[in-house]
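Asks: Take a look at the letters that make up each chain.
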Amino acid sequence: MAASRVSSYSLESQRVSLARGSSALISPEGVREDGRSPHECRPAFLQTGAVNAAAGSAYAEFGQTKVIVSVFGPRESKKAQAYSDIGRLNCNVSFATFAGSVRGKAGQSTEEKEYSQMLYKGLEGAVALHTFPKTTVDVFALILQSGGGDLPVVLSCASLALADAGIVMYDLVSAISLSRLDTNLLLDATLGEEINQDGSLMLACMASRNEVTQLLLTGEWSQANLSEGLKLCLDACTKLAGLMRSTLKESTSNIED
Amino acid sequence: MVVGLSAAERRYLTDGIAQGLRNDGRGLYDFRAFSVELAIIPQANGSARVRLGATDVITSVKAELGRPQASRPSQGRVEINIECSSTAAPQFEGRGGEDLSLELSRALYRSLLCNNGTGPAIDLSALTVIEGKLCWNLFIDGLVLSSDGNLLDVLAIAVKAALSNTGIPKVEVTSAAAAEQEADFEISDNPDDFSGFDVSHVPVIITLTKVGRTYIVDATEEEESQMSSAISIAVNSAGHVCGITKRGGAGLDPSVLLDMISVAKEVSKSLLSTVDAEIMAAESRGDDQM
Amino acid sequence: MEDVSSRGLHFQLSDSQRNRLRKSRELLREAPGNYHPSAFVNIADPIHVENEATVLKGHGTQVLDGQLLATLSGVVERVDQLVTVKPLRCRYNAETGDVVVGRITEVGTKRWKVDINFRQDVHLMLSAVNLPGGIQRRRTVIDELNMRSLFEENDLISAEVQSVHSDGSVHLHTRSLKYGKLTNGQLVKVPPYLVKRLKQHFHNLKSCAVDMIIGCNGYIWICAAVDSLPSNPEIEKITGDSGAPEMDSCNESISLKVRENICRLANSIRVLSALGFLIYPDTIIDTFDASISKGVAIKDMLGAEFLVMIAEREASRRTKNNYML
Numbered sequence: 041m042a043a044s045r046v047s048s049y050s051l052e053s054q055r056v057s058l059a060r061g062s063s064a065l066i067s068p069e070g071v072r073e074d075g076r077s078p079h080e081c082r083p084a085f086l087q088t089g090a091v092n093a094a095a096g097s098a099y100a101e102f103g104q105t106k107v108i109v110s111v112f113g114p115r116e117s118k119k120a121q122a123y124s125d126i127g128r129l130n131c132n133v134s135f136a137t138f139a140g141s142v143r144g145k146a147g148q149s150t151e152e153k154e155y156s157q158m159l160y161k162g163l164e165g166a167v168a169l170h171t172f173p174k175t176t177v178d179v180f181a182l183i184l185q186s187g188g189g190d191l192p193v194v195l196s197c198a199s200l201a202l203a204d205a206g207i208v209m210y211d212l213v214s215a216i217s218l219s220r221l222d223t224n225l226l227l228d229a230t231l232g233e234e235i236n237q238d239g240s241l242m243l244a245c246m247a248s249r250n251e252v253t254q255l256l257l258t259g260e261w262s263q264a265n266l267s268e269g270l271k272l273c274l275d276a277c278t279k280l281a282g283l284m285r286s287t288l289k290e291s292t293s294n295i296e297d
Numbered sequence: 036m037v038v039g040l041s042a043a044e045r046r047y048l049t050d051g052i053a054q055g056l057r058n059d060g061r062g063l064y065d066f067r068a069f070s071v072e073l074a075i076i077p078q079a080n081g082s083a084r085v086r087l088g089a090t091d092v093i094t095s096v097k098a099e100l101g102r103p104q105a106s107r108p109s110q111g112r113v114e115i116n117i118e119c120s121s122t123a124a125p126q127f128e129g130r131g132g133e134d135l136s137l138e139l140s141r142a143l144y145r146s147l148l149c150n151n152g153t154g155p156a157i158d159l160s161a162l163t164v165i166e167g168k169l170c171w172n173l174f175i176d177g178l179v180l181s182s183d184g185n186l187l188d189v190l191a192i193a194v195k196a197a198l199s200n201t202g203i204p205k206v207e208v209t210s211a212a213a214a215e216q217e218a219d220f221e222i223s224d225n226p227d228d229f230s231g232f233d234v235s236h237v238p239v240i241i242t243l244t245k246v247g248r249t250y251i252v253d254a255t256e257e258e259e260s261q262m263s264s265a266i267s268i269a270v271n272s273a274g275h276v277c278g279i280t281k282r283g284g285a286g287l288d289p290s291v292l293l294d295m296i297s298v299a300k301e302v303s304k305s306l307l308s309t310v311d312a313e314i315m316a317a318e319s320r321g322d323d324q325m
Numbered sequence: 002m003e004d005v006s007s008r009g010l011h012f013q014l015s016d017s018q019r020n021r022l023r024k025s026r027e028l029l030r031e032a033p034g035n036y037h038p039s040a041f042v043n044i045a046d047p048i049h050v051e052n053e054a055t056v057l058k059g060h061g062t063q064v065l066d067g068q069l070l071a072t073l074s075g076v077v078e079r080v081d082q083l084v085t086v087k088p089l090r091c092r093y094n095a096e097t098g099d100v101v102v103g104r105i106t107e108v109g110t111k112r113w114k115v116d117i118n119f120r121q122d123v124h125l126m127l128s129a130v131n132l133p134g135g136i137q138r139r140r141t142v143i144d145e146l147n148m149r150s151l152f153e154e155n156d157l158i159s160a161e162v163q164s165v166h167s168d169g170s171v172h173l174h175t176r177s178l179k180y181g182k183l184t185n186g187q188l189v190k191v192p193p194y195l196v197k198r199l200k201q202h203f204h205n206l207k208s209c210a211v212d213m214i215i216g217c218n219g220y221i222w223i224c225a226a227v228d229s230l231p232s233n234p235e236i237e238k239i240t241g242d243s244g245a246p247e248m249d250s251c252n253e254s255i256s257l258k259v260r261e262n263i264c265r266l267a268n269s270i271r272v273l274s275a276l277g278f279l280i281y282p283d284t285i286i287d288t289f290d291a292s293i294s295k296g297v298a299i300k301d302m303l304g305a306e307f308l309v310m311i312a313e314r315e316a317s318r319r320t321k322n323n324y325m326l
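Chains as they are written, first to last, in the working numbering: chain A, 41 to 297; chain B, 36 to 325; chain C, 2 to 326.
So here's chain A without its partners, still in its complex pose (with noise of 0.2 Å):
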C-alpha cells in the first residue's frame, strides 16, 4: 500500500530536490523522469458524471494532476446582474489544500484568480451564450492534486462537463502544455519539468473547428521551435478531443432508453 505513495513530508527539500540541472530530467537517450518519450502525453483518465448534485460533471486524471469540475445551470441570474441577451458564463478554479506538495492556505490566491480567468476565456468562445439568454452557467473547478499542466486539464474537464451539462456548444476545448527546456520540447509537462523549464506554451484549441480559444507562451523562442511547438500542441489536442469524444459516447451506456 505504501509503495504506491510519493514522499513528500520534508520542508524545503522537496523543491530542492525538483530543481536540478535539465540533465536530469532527461536522459541522453531522450527519455523523461516518468519514462515518456518527448513528445509523448501522460495517460488519461477522463469521467462524467462524478458529482451527483450537478448538472453536469467531469473528473480527470493526468498523470498526477487530478482535476474535478462541476456545472450548474443553467439556471437564474443573481438580480443584481442586470438584464443580457446572452447568458452569463461563470468559472471558479480553487485548489484543494492537499493539492501541492506543501500545504497550501486557506483563501483565494492569485494563482486562482488567474486560473479563473484563463478559464473563462478558454471557454468563451465556445459556448453558445445565446441559447441560454438572462440565465447563468456556474463551472466550479476543483484541482484535487496538482502534478504539473493544470491548467490544460483544468479546461478539458470543464469543457467535458459542460457537454455532459448539455450546454450547447461550438465544440469541444481540448487544451495541453508544452515545456521548453533548452532545445528539448517536452510536451504535456510534469511539475519537475514545468518548475525547471526554461519556456513553456499552452494551448487549447477547438479541434473539429481548428480554431485556437487561448494561447500563452513564456519565455523566449526560436522560429523553429515555435512552429513546432504549436504543431505538438495541436495534433495532442485532436488526439485530446477524440478521447474526450468516446468518453461521452460511453456514458451513454449508462443510459438504458
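Any given hint might turn out to be false.
Stated by the list, open to error - Ranges of calculated distance between the beta carbons of each label pair, as one might list FRET restraints:
| hint | chain 1 | residue 1 | chain 2 | residue 2 | range |
| --- | --- | --- | --- | --- | --- |
| 1 | A | Leu266 | C | Arg79 | 29 to 35 Å |
| 2 | A | Leu266 | B | Arg130 | 41 to 47 Å |
| 3 | A | Asn250 | B | Arg130 | 39 to 45 Å |
| 4 | C | Ser317 | B | Ser319 | 30 to 36 Å |
| 5 | A | Lys279 | C | Arg79 | 29 to 35 Å |
| 6 | C | Asn147 | A | Ser149 | 14 to 20 Å |
| 7 | B | Gly321 | C | Asn20 | 18 to 24 Å |
| 8 | C | Met126 | B | Ser297 | 53 to 59 Å |
| 9 | B | Gly321 | C | Leu257 | 43 to 49 Å |
| 10 | A | Glu73 | C | Asn20 | 49 to 55 Å |
| 11 | B | Ala273 | C | Asn20 | 39 to 45 Å |
| 12 | A | Pro83 | C | Ser317 | 36 to 42 Å |
As the list claims (entries may be wrong) - The list that follows gives simulated cross-link-like pairs (lysine-lysine, DSS-like), each with its CA atoms no further than 27 Å apart:
| hint | chain 1 | residue 1 | chain 2 | residue 2 |
| --- | --- | --- | --- | --- |
| 13 | C | Lys58 | B | Lys304 |
| 14 | C | Lys300 | B | Lys300 |
| 15 | A | Lys289 | C | Lys58 |
| 16 | C | Lys87 | A | Lys289 |
Unchecked claim - Which bits of chain A does chain B cover? Going by a derived footprint, with three or more residues having C-beta under 8 Å, they are:
| hint | stretch |
| --- | --- |
| 17 | 128-138 |
| 18 | 181-188 |
| 19 | 235-246 |
What the hints contain is simulated information worked out from the structure, not anything from laboratory work.
We treat Cβ as the ideally placed atom computed from N, Cα and C, and that holds for glycine.
Position chains B and C relative to chain A; hints supplied.
Replies: Leaving out everything else, chains B and C in the frame of chain A:
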C-alpha cells in the same frame, strides 16, 4: 440542495419521524450505508474518501516536521481544517461556506483533541522526534465535495480512515546537537520504514437531530432543515464520551440530554464496528490492486 | 473505483454483485428498443441530411459552411423535416400540455413564480388558477392581496403547461379540479429524461391507498389517496383552504400502513432512477411488488443487493418481451 419545504411536506416529515418511519424508509437510529476508499491522494501521508448517501468527503493527512510548542515539548501538533467546496452547493462559492467550514473544523477538533490540543484520541507523544526541538505536525484537511446532511459524522469517519492510512516516515538523527543548534537529520525514503497510526482510540461522532419530540440519527439535508436542535456526541471504542457539541436551535431539557447521550452510545457501538470493517475492506482492496 | 454512483445514490457493490450488474447491463444494451448507436453524435460532428436547405434546424444544430453540425452531445431525432439533437442528460424542456409538479418560489403581483426544474422559474398567473368557490369572475384587488391564502412560498402544486413563449418564458395553469396544492405525501426527484410523456399522469393505486403524480419535469409526488383520508372534501384539497386552515387535509394524519406504502413506492422510484430506467407506473409497481414478494425491508431497498436484483429482473423481462410500453 434543499430549497425549502411546503407546510404539507414539513408536516409529513415530522409525522413520519414521530411514527418511526423516515422518508427513505429508515428507522430513527439507522445509518445510511457508506463506502470508504483509502490512499486516494498519493502525495499525502494518508487520505480517505467516504461516501454516505449523496454526501461525499475527502480527507488527507500531511505530516511536516517542525518545532513543538514550548509549553509541550514532548508532543507533536495536530491541526484540522475543513473546507466546503463550491461543487457541493453553489452558495459555497467564495466565502459562502466559511461559517459552516469553521463550525465543522472546530467540532472535529474538539472531539479528537481537547481544546488545548492534547487528547486521548491521537497519541501525540508518538509524534516527537527530538524532545523540545523537532516533532511531526499533522495537518488534517477535509474537503466536502457534496452534501446531503450529517457532514460532521461523515467527516469524523473520513478522518479516522485517513489516519488509519497514514504513515509517518522514520527520522534518523545524524548528529546530536547542543541546545541552541539545529539538529541534522535524515528522513527515510523507504516506504517500509513508515510507522502507522493506531486509530483504535479515535472516536466516531453521532449527531442526534431533534425533530419535534423525537431524535434521529444521520439526518438528511431535508430532515436537518426541520430540526429544532441537534447535538453531536463523540464516542470511542471504550464507550466513553470524548466530546459534545450542541448545534444550534432550541434549548434541550437536561433529562432529554442524558437520554440522547445514552442513545448515542448505543448507536456508536454498531457504527464503530461498521467503520472498522469498512476500513479493513478498503485496505484489502488496496492491497489487491497492488 | 467502479461503484455505481448514478447521479443520486452511491452504491458499493461486492465483486459478485458487480458482475451480475454488468451482465444485466449487457443484456439490456442488446435488447431491442434501444436507440440505434449510430444516431449518437458528439459536439461538432456532422449530421447526415439529404438536403441541407430544406431541413428545419432545431435545438442543438448549427450550420457551418453549408454543413449541418451538432452543438450538443446526444441522440439525433428526426421528425418530418425537423432535425434536433436531444442531449444526454437534458434539462426539462417544457411543452404545452405537460403535467408538471412545481414549487412556488415567489409571490408577485398577480402571479406566482414556480420552480419546475426548468432553465428559469416559470409563471403561474392569478388569472390561470381556479378561485375558491369555483366561480369564474374577474380578479379583484382583494384577490391579489389574498394570493398567499391560495399558494404561498415553498408550496408544491400540480399544474399544466399553458404556453411556451418564444423568449423562453413559460406559463402554467391550474384550471381543472385535478390540479392544485399538494399535501400528505413526499416528493421524489428524478432526471426528467427518464419520464416519458404519457396520456395519464395521475395514477391512483387502490391496493396501496396511494396517489401518484408523475410530472414530466422529473418531480414525482406520492401521497395518501384522497379517499383514504377521513372526511376530506375534494374542493379543499384542490384549491387550498376556503376559510379556516384547520379544514385543510394536511392536518389529517396518515396511518403507518399507508406511510409504508408511500415510502416503498418512493424507494422503488429512487432505485429505478439510479439504474437509469424509464419511470412508468408499470415499472414502479413492478419494483414495488418485487420488493414485497422478496421480503426486502423498505430501508434495504436502497442497498446494493436490491439494485442488482432489479437490474436482473428488467434484463430478463426485456429479452423476453420485444415491445416498448
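Asks: Look at each hint and say if it fits the structure.
Replies: Status of the hints after comparison with the structure:
1. Leu266(A) - Arg79(C): 29 to 35 Å: violated, 46 Å
2. Leu266(A) - Arg130(B): 41 to 47 Å: Since the Cβ atoms of Leu266(A) and Arg130(B) sit about 42 Å apart, the hinted range of 41 to 47 Å holds.
3. Asn250(A) - Arg130(B): 39 to 45 Å: holds, 41 Å
4. Ser317(C) - Ser319(B): 30 to 36 Å: holds, 33 Å
5. Lys279(A) - Arg79(C): 29 to 35 Å: holds, 32 Å
6. Asn147(C) - Ser149(A): 14 to 20 Å: violated, 53 Å
7. Gly321(B) - Asn20(C): 18 to 24 Å: Since the Cβ atoms of Gly321(B) and Asn20(C) sit about 21 Å apart, the hinted range of 18 to 24 Å holds.
8. Met126(C) - Ser297(B): 53 to 59 Å: holds, 55 Å
9. Gly321(B) - Leu257(C): 43 to 49 Å: Cβ of Gly321(B) to Cβ of Leu257(C): about 44 Å, so the range 43 to 49 Å holds.
10. Glu73(A) - Asn20(C): 49 to 55 Å: violated, 39 Å
11. Ala273(B) - Asn20(C): 39 to 45 Å: holds, 41 Å
12. Pro83(A) - Ser317(C): 36 to 42 Å: Check passed, 38 Å falls within 36 to 42 Å.
13. Lys58(C) - Lys304(B): The hint is violated at about 62 Å.
14. Lys300(C) - Lys300(B): holds, 22 Å
15. Lys289(A) - Lys58(C): Satisfied, since the Cα-Cα distance of roughly 23 Å is no more than 27 Å.
16. Lys87(C) - Lys289(A): Cα-Cα ~14 Å, so holds.
17. 128-138: Check passed, 5 qualifying residues.
18. 181-188: With 3 residues close enough to chain B, the hint holds.
19. 235-246: violated (count 0)
Checked against the numbered hints given earlier, this structure breaks hints 1, 6, 10, 13 and 19; the rest are met.
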